[in-house]
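Fit chain B to the given chain A structure using the hints.
If you read the sequences in order, they're chains A and B. Counting in our numbering, the first sequence runs from 34 upward without gaps. Counting in our numbering, the second sequence runs from 34 upward without gaps.
Since the hints were derived computationally from the structure, they do not count as laboratory data. It is possible that some hints are incorrect.
Pairs of lysine-lysine residues, derived as DSS-like cross-links and limited to a Cα-Cα distance of at most 25 Å, are as follows [said to hold, decoys possible]: (1) B:K388 / A:K348; (2) A:K107 / A:K400; (3) A:K348 / B:K348; (4) A:K388 / A:K331; (5) B:K339 / A:K400; (6) B:K388 / A:K339.
Negatives, chain A to chain B, calculated, CB over 10 Å [claimed, not checked]: (7) S50; (8) Q70; (9) N86; (10) N127; (11) E142; (12) K162; (13) S231; (14) D268; (15) E312; (16) S318; (17) D319; (18) D332; (19) S334; (20) K400.
Because the structure is a prediction, the values reported are computed rather than measured. Using N, Cα and C, we set each Cβ at its ideal position, and we do this for glycine too.
Protein chains: 2
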Amino acid sequence: MAKTQVIPVIMSGGAGSRLWPASRKSRPKQLLPLASQQTMIQETALRLQHQGNAYSFADPMIVCNHANADAIAKQLGEIGISASTMITEPVARNTAPCAVIAALAILAESSDRSPEPLMLLAPADHHIKNTTEFRRVVGQAVPAARSGHMVTFGITVTKPETGYGYIQKGAKLDDHAHRVAGFKEKPDLDTAKTYMASGNYFWNAGIFMCKPSSLLAEMRQHSPEILQACQRAFDASPQSSGQSAGQTIALDADTFARCPAISIDYALMERTNKACVVEAHMGWSDIGSWSALLELTKDMSGNALKGDVHILDTKNCLIHSDGPFVATIGIDNLAVVVHDGAVLIANLDQVQDVKKIVDELTRRRDKDRL
Amino acid sequence: MAKTQVIPVIMSGGAGSRLWPASRKSRPKQLLPLASQQTMIQETALRLQHQGNAYSFADPMIVCNHANADAIAKQLGEIGISASTMITEPVARNTAPCAVIAALAILAESSDRSPEPLMLLAPADHHIKNTTEFRRVVGQAVPAARSGHMVTFGITVTKPETGYGYIQKGAKLDDHAHRVAGFKEKPDLDTAKTYMASGNYFWNAGIFMCKPSSLLAEMRQHSPEILQACQRAFDASPQSSGQSAGQTIALDADTFARCPAISIDYALMERTNKACVVEAHMGWSDIGSWSALLELTKDMSGNALKGDVHILDTKNCLIHSDGPFVATIGIDNLAVVVHDGAVLIANLDQVQDVKKIVDELTRRRDKDRL
Numbered sequence: 034m035a036k037t038q039v040i041p042v043i044m045s046g047g048a049g050s051r052l053w054p055a056s057r058k059s060r061p062k063q064l065l066p067l068a069s070q071q072t073m074i075q076e077t078a079l080r081l082q083h084q085g086n087a088y089s090f091a092d093p094m095i096v097c098n099h100a101n102a103d104a105i106a107k108q109l110g111e112i113g114i115s116a117s118t119m120i121t122e123p124v125a126r127n128t129a130p131c132a133v134i135a136a137l138a139i140l141a142e143s144s145d146r147s148p149e150p151l152m153l154l155a156p157a158d159h160h161i162k163n164t165t166e167f168r169r170v171v172g173q174a175v176p177a178a179r180s181g182h183m184v185t186f187g188i189t190v191t192k193p194e195t196g197y198g199y200i201q202k203g204a205k206l207d208d209h210a211h212r213v214a215g216f217k218e219k220p221d222l223d224t225a226k227t228y229m230a231s232g233n234y235f236w237n238a239g240i241f242m243c244k245p246s247s248l249l250a251e252m253r254q255h256s257p258e259i260l261q262a263c264q265r266a267f268d269a270s271p272q273s274s275g276q277s278a279g280q281t282i283a284l285d286a287d288t289f290a291r292c293p294a295i296s297i298d299y300a301l302m303e304r305t306n307k308a309c310v311v312e313a314h315m316g317w318s319d320i321g322s323w324s325a326l327l328e329l330t331k332d333m334s335g336n337a338l339k340g341d342v343h344i345l346d347t348k349n350c351l352i353h354s355d356g357p358f359v360a361t362i363g364i365d366n367l368a369v370v371v372h373d374g375a376v377l378i379a380n381l382d383q384v385q386d387v388k389k390i391v392d393e394l395t396r397r398r399d400k401d402r403l
Numbered sequence: 034m035a036k037t038q039v040i041p042v043i044m045s046g047g048a049g050s051r052l053w054p055a056s057r058k059s060r061p062k063q064l065l066p067l068a069s070q071q072t073m074i075q076e077t078a079l080r081l082q083h084q085g086n087a088y089s090f091a092d093p094m095i096v097c098n099h100a101n102a103d104a105i106a107k108q109l110g111e112i113g114i115s116a117s118t119m120i121t122e123p124v125a126r127n128t129a130p131c132a133v134i135a136a137l138a139i140l141a142e143s144s145d146r147s148p149e150p151l152m153l154l155a156p157a158d159h160h161i162k163n164t165t166e167f168r169r170v171v172g173q174a175v176p177a178a179r180s181g182h183m184v185t186f187g188i189t190v191t192k193p194e195t196g197y198g199y200i201q202k203g204a205k206l207d208d209h210a211h212r213v214a215g216f217k218e219k220p221d222l223d224t225a226k227t228y229m230a231s232g233n234y235f236w237n238a239g240i241f242m243c244k245p246s247s248l249l250a251e252m253r254q255h256s257p258e259i260l261q262a263c264q265r266a267f268d269a270s271p272q273s274s275g276q277s278a279g280q281t282i283a284l285d286a287d288t289f290a291r292c293p294a295i296s297i298d299y300a301l302m303e304r305t306n307k308a309c310v311v312e313a314h315m316g317w318s319d320i321g322s323w324s325a326l327l328e329l330t331k332d333m334s335g336n337a338l339k340g341d342v343h344i345l346d347t348k349n350c351l352i353h354s355d356g357p358f359v360a361t362i363g364i365d366n367l368a369v370v371v372h373d374g375a376v377l378i379a380n381l382d383q384v385q386d387v388k389k390i391v392d393e394l395t396r397r398r399d400k401d402r403l
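Pulled out of the complex, with its shape left as it was, chain A reads as follows (with noise of 0.2 Å):
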């Protein structure tokens, strides 16, 4: 059997608005450097970057906001990434487009090709602490991709966690998938206690591999009017070489504007029958909130310190600034970000409601802090 080649598609059209003011239109989660040296999307990049026996990784597929498309190019540039594909949205549209577009683009490029490659849909701005293990899993779940399965990657519940959405494990398919008996949203406390006690559950992660006609042909069964919209919006898009290696899809806006903003979960995942789950233990974060970096980067007295900080009898804190002297005295639980001309302050209990100060910026069309 030829070897695998899996060509990573990275979802990079969020805006991560929740870890405002450092994350802003033009400059969202996935360019910001949050768990490590690197941005979000350069250690996405390099995770996707594997030479092994079961499979290769191509060259990246980016889809992104257009605004953003150099900042990408140039954060792989810094990591001598390039990628094969940038396709560009005008507007955002959830990730059913954006996967429904890259399989066509996938396929366009690639139709001759045998055995056809698999495309490993990620998300840019989620860290994955151990990389090997990541890749691992990944050979683990290419033989149900190939048979066409819809294979989605379950996180090992660790804690039960009510900001994520959870996937339940059904019947086994082979040595490491197992069928999806279904996929639960965020539940309240008590359920995801069950959840986790059962050890039939995974965190979704928003991670899928499938052959590309598979998802096509998925699309066309459960969500036809979707891949129609795509189909239309992908056809109408000017294709270009540039002066680098890779070739850019500008999508068209009037078409792609068209397309229902929605999920693949919701368009695709929820509706087949081939959907399957892999487990994957790899110290996943989605990094969802200032309190998820600070679980995931604090130190002994259970800060994360960034910038030009001195405390004084703090402790359990979150504190960056890219650039402003940040001095704090006799705090306890609180994220303090300073960027770019605005300052957070916020009970790290009350993270969430973040989105409603840039809910607030949005409604005042302060551009400056947005």
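Below, chain B without anything else, positioned relative to chain A:
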């Protein structure tokens, strides 16, 4: 009896480092608008404008660090006040040399004037809510001062404050003045409660009134070496008339540096038997910390907000910004001050430790943040 002239001597040599990061070397506390739209020295100078039946204030004399003289003259100009004399200090030497040199300067100017004017020594950085009452008690103090006493204004105690020195009331001198039975250092809480319950104690606000000749005579008796050092510095210092009305006395660096750095309280008030006190109930605050400023300026929710601030679920907080947008979520009892490239977040019960931050910056020789 001819109407008494009172020459305000505004002591503006302090740094006010407890209000860092708003207060800096080049822009000390008295140059900041803290309790109102006016800066503290503007508030002080306006308070000291009065033509009454019992006395009249003359144009003020300013004693300040030479580095701040231009800024002070500019701020006074903004409110239509010009100093009669600017005495500039090359180094800080506390209040005794300041008071002595001011007395020498007044006598040099007005040796032929009869009756001798009084001098009113007032810190530039205190807030007094009730200006009318202040001016009234100054009038009440005139007879004692004219009869050769050193009058101090004793603030009515309204809480058992441990951060101030206290003045103990002695025998009655006239309708308004009592002799001082003793000066007390900052007490512990139990002692402060005893002071408050007795009704015989006042807060020492550091505001004094006397004849310049009395001050010099008492200094000659109780601190002759300080008087001598100050006389040498005064004699060695060039006086010049500026383009505006007033004159400038630039204190000679060598001789002034040899004056001991000591307060007028220690050098004179605690030693002389001419000290007396006039009670003043006028809404006085030295704004000695961010928590004191919050007490003075808080709204119904217990917050004092200044600048571009957006709060959610926030109470009992002082939040000041000189530019950057500040958003807070779920915080209580904090000072948040964003000023000129520095950010302070401090528990309001520990604001005295702001000094430790300034000490750290001094150790680092971080001129940009001092």
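Going through the hints against the structure:
no., hint, result
1, B:K388 / A:K348, "20 Å, holds"
2, A:K107 / A:K400, "23 Å, holds"
3, A:K348 / B:K348, "21 Å, holds"
4, A:K388 / A:K331, "23 Å, holds"
5, B:K339 / A:K400, "22 Å, holds"
6, B:K388 / A:K339, "23 Å, holds"
7, S50, "13 Å, holds"
8, Q70, "23 Å, holds"
9, N86, "50 Å, holds"
10, N127, "27 Å, holds"
11, E142, "45 Å, holds"
12, K162, "28 Å, holds"
13, S231, "34 Å, holds"
14, D268, "44 Å, holds"
15, E312, "36 Å, holds"
16, S318, "21 Å, holds"
17, D319, "20 Å, holds"
18, D332, "18 Å, holds"
19, S334, "16 Å, holds"
20, K400, "12 Å, holds"
Checked against the numbered hints given earlier, this structure breaks none of them.
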